[in-house]
Amino acid sequence: MDNSNKKRLHWFFIVSNFFKNHQLLIIFLINAFNIKNMFEFIIMSVVFIGINLLYQVLSYYYTTYEIINSTIIYRYGIFKKTEKTIKFESVQNIDTNVNFIYQLFNIVSLDINLIEGKVSLNPISIKEANHIIFTTNSSNTIEKEYNNNNSITLSLKDLSILAILKSRMLITFFAILALGDDLNDILSKIFKFDIFSYIGSVNPDAFDTVYMIKIAMIIIILLFMISFIVTIIKFYNFRLENKDDQLILKYGLLNKISMVIKKERIQKISIEQGLRFRIFGYSNLKIITYSSDSVEDLSFKNHINLLPIAKNEFVLNFLKNSLHLDVNQYNNKDYVKIPQNAKFLLMRYRIIFFLVMLIFTNILIHYMPAFYDYKTYIYLLANMILFILILISYLMLRHTIKYTASYLAKDKIINIRTHTFSIIKEYIMPEKIGSISIKTNRLLRKRNIGHITLNALGTFSDIHLSYYNIDYFDTVQNYIARKREVNNE
Amino acid sequence: MNNIFKTQEYRLDDDVRKIMILADFIGLGILSTITLCVSIFLIIKEYISMKTFFIILSINLSIFIITLLYSLFSSKMYQKYYSYSFTKEAIIITSGIFSKNKDYIPYHIIQNIDVATGPIMRKYNYSNLKLHLIRGYASINYIKNDKIEAIKQSILDNKNQYNLKY
Numbered sequence: 001m002d003n004s005n006k007k008r009l010h011w012f013f014i015v016s017n018f019f020k021n022h023q024l025l026i027i028f029l030i031n032a033f034n035i036k037n038m039f040e041f042i043i044m045s046v047v048f049i050g051i052n053l054l055y056q057v058l059s060y061y062y063t064t065y066e067i068i069n070s071t072i073i074y075r076y077g078i079f080k081k082t083e084k085t086i087k088f089e090s091v092q093n094i095d096t097n098v099n100f101i102y103q104l105f106n107i108v109s110l111d112i113n114l115i116e117g118k119v120s121l122n123p124i125s126i127k128e129a130n131h132i133i134f135t136t137n138s139s140n141t142i143e144k145e146y147n148n149n150n151s152i153t154l155s156l157k158d159l160s161i162l163a164i165l166k167s168r169m170l171i172t173f174f175a176i177l178a179l180g181d182d183l184n185d186i187l188s189k190i191f192k193f194d195i196f197s198y199i200g201s202v203n204p205d206a207f208d209t210v211y212m213i214k215i216a217m218i219i220i221i222l223l224f225m226i227s228f229i230v231t232i233i234k235f236y237n238f239r240l241e242n243k244d245d246q247l248i249l250k251y252g253l254l255n256k257i258s259m260v261i262k263k264e265r266i267q268k269i270s271i272e273q274g275l276r277f278r279i280f281g282y283s284n285l286k287i288i289t290y291s292s293d294s295v296e297d298l299s300f301k302n303h304i305n306l307l308p309i310a311k312n313e314f315v316l317n318f319l320k321n322s323l324h325l326d327v328n329q330y331n332n333k334d335y336v337k338i339p340q341n342a343k344f345l346l347m348r349y350r351i352i353f354f355l356v357m358l359i360f361t362n363i364l365i366h367y368m369p370a371f372y373d374y375k376t377y378i379y380l381l382a383n384m385i386l387f388i389l390i391l392i393s394y395l396m397l398r399h400t401i402k403y404t405a406s407y408l409a410k411d412k413i414i415n416i417r418t419h420t421f422s423i424i425k426e427y428i429m430p431e432k433i434g435s436i437s438i439k440t441n442r443l444l445r446k447r448n449i450g451h452i453t454l455n456a457l458g459t460f461s462d463i464h465l466s467y468y469n470i471d472y473f474d475t476v477q478n479y480i481a482r483k484r485e486v487n488n489e
Numbered sequence: 001m002n003n004i005f006k007t008q009e010y011r012l013d014d015d016v017r018k019i020m021i022l023a024d025f026i027g028l029g030i031l032s033t034i035t036l037c038v039s040i041f042l043i044i045k046e047y048i049s050m051k052t053f054f055i056i057l058s059i060n061l062s063i064f065i066i067t068l069l070y071s072l073f074s075s076k077m078y079q080k081y082y083s084y085s086f087t088k089e090a091i092i093i094t095s096g097i098f099s100k101n102k103d104y105i106p107y108h109i110i111q112n113i114d115v116a117t118g119p120i121m122r123k124y125n126y127s128n129l130k131l132h133l134i135r136g137y138a139s140i141n142y143i144k145n146d147k148i149e150a151i152k153q154s155i156l157d158n159k160n161q162y163n164l165k166y
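Chains as they are written, first to last, in the numbering used here: chain A, 1 to 489; chain B, 1 to 166.
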């Protein structure tokens, strides 16, 4: 029964899983509270380590994979044995993750993504991972000559601009809290300005403009420095290779990510422009395949970040030449927009929220004894902050109403939506749409409005058309049915 | 507007109301019995006073009556508004009492079909048809057992007309 093609994962599997066995660790910790002396502790530790080690060694022994006739067979389980057979043609994309420790051992975590779920060969050697990627892709590409190869990299300048445009305020705030002293040392060496001694020397009653400007400058510099470091760590050595029918994406310093994306598997292309991106003429290009939720990329969640930053023209050209998507042809079309009578519905939660906030804040200030001395100032300040928040909220609402639109083109469904002040243009292939649903309630129904959802085949690429005219559902339904008939033929 | 949520070809039978009410009644009955048993145990052991016992009992009874009344109402509304149809290219399900839903499920995304039934449904010869889709699942509820095989076969036949690659 033993087959010579069967291979095991890397031995580091035992080590990494030894520390990931949370259940056993919890049992150990619960029992550790009842330990009376050192001897019992040592016995229990030995038993815990022994059981865990035995379990991991057996798991390692029984976890195998083999490649036979364009099929990957993955087996695992000690008592309950499971065998997964994956045909190469059902593989959506393959990606690898390498963290800092994996780099020391020359190993990777290889994720074979399927329509639903994934098979993770974690960890295996880089050589073996390359072999699997090559074998899987070569069977799909059938000896194609790559004659359209070109690659895109992000320079230090690009990464710096990205760091400025995507500055991480929250991380900076926590970094200042955690590393206050160390940061002060660095800054005092660079700028000859010791912020802590300066704060101590300033008279708090006198408003010092220079002092405020210096503080603001330091925060801005810190913000940029931290954003820059985070961006460099994340997108270090960014490289996007465009081959005939696939894209190869590699980036990362501590956690190296490598992906092979077949172009035909792309479900949705998304061009995102934040407010700062728009001002400087930059865009962020993302794509979603069937199973891109498996990409361990916390900051961008479920999207594959194809081009984190690039000039608008460059993105449009890349889409045209590499993904055969001419975005300009969809401009000035007859887009369907949110109806005018949906404005009130969009506003209703904000109105309730701000009314409650206004009443609550003023009652709080009125009755709080701590505010008695400065009541007038605090009234003014609180209501001014609320007014600014209402203004921002209103501007965001106007932004949403102005830009939200959708269009059913010949070969794509185009959905333009907003998130805060960002504009996101999504291009989804109609053949990738599965089911369609509409929801409405009594309030919305009175105004002939509903929420339409186009459920894509893969996860996280659904299109939500919120607050659209109910009759638009029929239009979308007929469009999808027509496209499916054409594709079937 | 009304056309979008219009009643589809197939509606639920009147028996469905009975099944829903019976299921709710049994569930509530079990819950109330457990509460009653626990309360009696507590009063025997003198953990609670007679007054507290009657408060628990009256709360229990109130919940029972309110839930049963809601069950009578919701089962009627569910039966009234739940309908489905099979078109050439998809299954269409409309439902919802207060908020209306309509689902359009093309045949080609159906992977496999399960027939699921419980003891009460079995007594009345009803089953649910659970459709496993490429992503997630959908369900056609309360179908008569004598019709279910024909419906299942019809869905599979329709599905086989499509040969789409993902």
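Simulated from the structure, these hints should not be mistaken for lab results.
Hints may contain errors.
Claimed, not checked - Here are the simulated SDA-like cross-link-like pairs (lysine to any residue), alpha carbons at most 25 Å apart as the crow flies:
no., chain 1, residue 1, chain 2, residue 2
1, A, K166, A, L275
2, A, K286, A, F318
3, A, K337, B, K130
4, A, K439, B, S49
5, B, K6, B, I65
6, A, K256, A, N242
7, B, K80, A, L444
8, B, K88, A, F353
9, B, K6, A, V57
10, B, K88, A, N488
Claimed, not checked - Just a few of them, taken from the derived set where beta-carbon distance is under 8 Å, the chain B residues facing chain A:
no., residue
11, S99
12, P106
13, R135
14, Y137
Small disclaimer: the values here were computed from a predicted structure and weren't measured.
Backbone N, C-alpha and C define an ideal beta-carbon position, used for all residues, glycine too.
Okay, the hints, checked on the actual structure:
Between K166/A and L275/A, the direct Cα distance comes to roughly 10 Å. Compliance with the 25 Å bound is thereby established for this hinted pair. The straight-line distance between the Cα atoms of K286/A and F318/A is roughly 12 Å, inside the 25 Å bound, and the hint therefore holds. Under the criterion of a C-alpha separation no larger than 25 Å, the hint pairing K337/A with K130/B is inconsistent with the structure, at around 36 Å. With a C-alpha separation of about 50 Å, the suggested pairing of K439/A with S49/B is violated against the 25 Å cut-off.
Between the alpha carbons of K6/B and I65/B the distance comes to roughly 33 Å, so the proposed pair goes past 25 Å and is violated. The suggested pairing of K256/A with N242/A holds, with an alpha-carbon distance near 19 Å, which does not exceed 25 Å. Annotation: proposed proximity of K80/B to L444/A holds, straight-line Cα distance about 21 Å (limit 25 Å). Straight-line distance between C-alpha atoms of K88/B and F353/A comes to about 47 Å, which puts the hinted pair past the 25 Å bound.
A hinted pair counts as satisfied when its Cα atoms are at most 25 Å apart, and K6/B with V57/A does not qualify at roughly 61 Å. This hinted pair checks out: K88/B and N488/A have alpha carbons roughly 14 Å apart, not beyond 25 Å. Taking 8 Å as the C-beta cut-off, the interface hint given for S99/B holds, the closest approach to chain A being about 4 Å. Interface restraint check: P106/B against chain A, minimum CB-CB distance 6 Å, threshold 8 Å, status holds.
Restraint check, R135/B versus chain A: the minimum CB separation of about 6 Å is within 8 Å; hint holds. The beta carbon of Y137/B is not positioned within 8 Å of any beta carbon in chain A (closest approach about 11 Å), and the interface hint is therefore violated.
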